[in-house]
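Trainee: Single-letter residue listing:
2 protein chains.
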Amino acid sequence: MTNRINNFNAGPAALPLPVLEQIREEFLDLNGSGMSILEISHRSKWFDKIINEAIERTKRLLKLGDDFQVLFIQGGASLQFCMIPMNLSLENKPVDYINTGTWSTKAIKEAEAQGKDVRALASSEDRNFAYIPYDVKEDGRAAYLHFTSNNTIKGTQWTKFPDAGGVPLICDMSSDIMSRPFDASPFGLIYAGAQKNIGPSGTAMVIIRKDMLDRVPSGLPSMLKYSTFAEKNSMFNTPPCFVIYTISLVLRWIEETIGGIDRMDQINREKAALLYKLIDSSGFYKGTADKDSRSLMNITFRLADEGLEKKFIAEALEHGFGGLKGHRSVGGCRASIYNATGIVQVKALKNFMADFEKREG
Amino acid sequence: MTNRINNFNAGPAALPLPVLEQIREEFLDLNGSGMSILEISHRSKWFDKIINEAIERTKRLLKLGDDFQVLFIQGGASLQFCMIPMNLSLENKPVDYINTGTWSTKAIKEAEAQGKDVRALASSEDRNFAYIPYDVKEDGRAAYLHFTSNNTIKGTQWTKFPDAGGVPLICDMSSDIMSRPFDASPFGLIYAGAQKNIGPSGTAMVIIRKDMLDRVPSGLPSMLKYSTFAEKNSMFNTPPCFVIYTISLVLRWIEETIGGIDRMDQINREKAALLYKLIDSSGFYKGTADKDSRSLMNITFRLADEGLEKKFIAEALEHGFGGLKGHRSVGGCRASIYNATGIVQVKALKNFMADFEKREG
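Protein chains in written order, with this note's numbering: chain Y, 2 to 362; chain D, 2 to 362.
Think of the hints as simulated: they come from the structure by calculation, not from any bench. Incorrect hints may have been included.
No copy is singled out in the list; a pair is fine if it fits within one copy or between any two copies.
[Claimed, not checked] Calculated pairs, BS3-like style, for lysine-lysine (alpha carbon to alpha carbon, straight line, at most 27 angstroms):
1. Lys-233 x Lys-107
2. Lys-348 x Lys-64
3. Lys-359 x Lys-312
4. Lys-50 x Lys-226
5. Lys-46 x Lys-107
Okay, chain Y solo, but in the shape it has when bound (with noise of 0.2 angstroms):
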């Protein structure tokens, strides 16, 4: 294995090298079938256990109750940007929104694009989205309040979530999903794209409370309606097999190597620590975001001497380091340190850092 580098990728990302060891290992022969993962069918009980233990886990590791339901939903959290003001949007009501960067700008155009009444609650675009507005006034009249827990771009994070006071919750959890214990009970929806915390790209995590599926208008196409899913335990047409099957080993891994859910955040919490730490310590680091706003899963991070930044992404890959360019959008550096990069490669990561600021510095 002296081959594989730190893979700090924002998405797709690393995952836990045991999970793949494991999917090599019974790739030709899942489970005594004689067929690969990718050979079985959707129909049958080797898929069934795998979906249901996906779906358990899920309920464990967040702590659900019976009124949460698990979905899996092919086109990403793009899809569900536009699925959820189609499905859950209520007539005279506004939909609201809180802008804290990228992704939650495109969740908002698409609701637009529908003609809902969108209402901009909050936004931190006045200073670049590098902090989150935690003062948000929910007066109560919305159908729902979306916002996105972690902001991969800028490397911004709620540390406490919205009060909306009753109206439901949506929240893209997309890049931190599984990394911190949170409470299920103001949500009404909870989404995510697989391939950052939870498995490879290819399907998004939509968990639904019950309740909302009344909401969903009954002349909507059968592949865009939160209700098809929840009624076929989302295998309507084929679901995609070997994503559910990846996420279902990440949610073991979790579950069973690292202990839960709370401790992966005392992890997380280490991890991001550490490189904080480093990057306040030194006028040759800086952090682009509010302290109070830091993410737990996407460091973000500038050169002083901006000018260095090329150089530094380089010498980090050919010491086996990946994926710490910031995103073509904004530039400067990022590690991502989801819940299957460890402690191991992040002190190697703080470790090159150091060496870099005592060489270049």
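Fit chain D to the known structure of chain Y by using the hints.
Mentor: Only chain D this time, still in chain Y's reference frame:
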């Protein structure tokens, strides 16, 4: 590899063993990247090469000119059922459909649910979809003519495509794409869920003639517009990377190991002939589809004594032949013999069937 079964599943279905072995071989380190295919960025040079290889091979294999574009869209053929009328219908023009079974019926239903002026131009429902209604009269008024090239459940297949006299053909080729050559020029759009002939579940391949993109209404949600996928080489958002990677390897196998679509077609004809010959020469088995409409992909049959079918399927499984049960909606038996099912497996099945007849007949 002794524990691999002979897999006659209808989909997800058998994949070429060399493809599975290559995936396994490079699963922890794709092409010197130091990352798994599950972990690389879709914006990386590695993935760019993969998706472009899948597109180029598709164009070469199907002899598509530059007037066609190859897209990958999540959601399977079922999402296409709704995207097609949404994107490609025209004001004041009917949309024409031919009904040859379960999947055609679903496609029709989705167009009707959108309030489109759907004309059922031909149907084989009168005899339980046991034949292809070759006698199609298109009056030239329609925005498009939709049909299903191969019907997995009923075991029928168009041996010669309908003539729509200039009206763009739209075809669901989920179960026979890449199995035989055809002239793409009358087609406005071809789509196929990947999980039968070209890969695992998790994407549809969509081949669109570029002039059809002019029809896309601007007000549609981004993720439901063909133009969004066409403009961004299917990477408006994160695509299902692993699925596209596997497709690229399957297409490489068809092109380089098999030797192209003509050779693939020849092998597929030999395979089907083996089973149909046995069925026709026996009073013990009987085919369910009319001879001029028989599928080369899904051989559907009954036992003359239907009470023996359960035993047949169970004994077959004991002998290492899986997936022979007919679709739950029709019962009976079905051997799906897509591209990846070799002539060796088909011969072995034929021998088993002959033996079973000898024992039980």
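Trainee: Now tell me if each hint is right for this structure.
Mentor: Against the structure, the hints come out as follows:
In the homo-oligomer, the alpha carbons of Lys-233 and Lys-107 lie at most 27 angstroms apart only across protomers (16 angstroms), although the nearest pairing inside one protomer, at 29 angstroms, exceeds that limit. Taking the closest pair of Cα atoms, Lys-348 and Lys-64 never come within 27 angstroms of each other, the shortest separation being 31 angstroms inside a single copy and 52 angstroms across copies. In this homomeric assembly, Lys-359 and Lys-312 come within 27 angstroms of each other (Cα to Cα) only inside a single copy, at 14 angstroms, whereas the closest approach across copies is 75 angstroms. With identical chains, the CA atoms of Lys-50 and Lys-226 are at most 27 angstroms apart within one copy only, with a shortest distance of 25 angstroms there and 35 angstroms across copies.
Taking the closest pair of Cα atoms, Lys-46 and Lys-107 come within 27 angstroms of each other only across two copies (26 angstroms); inside a single copy the shortest separation is 39 angstroms, beyond that limit.
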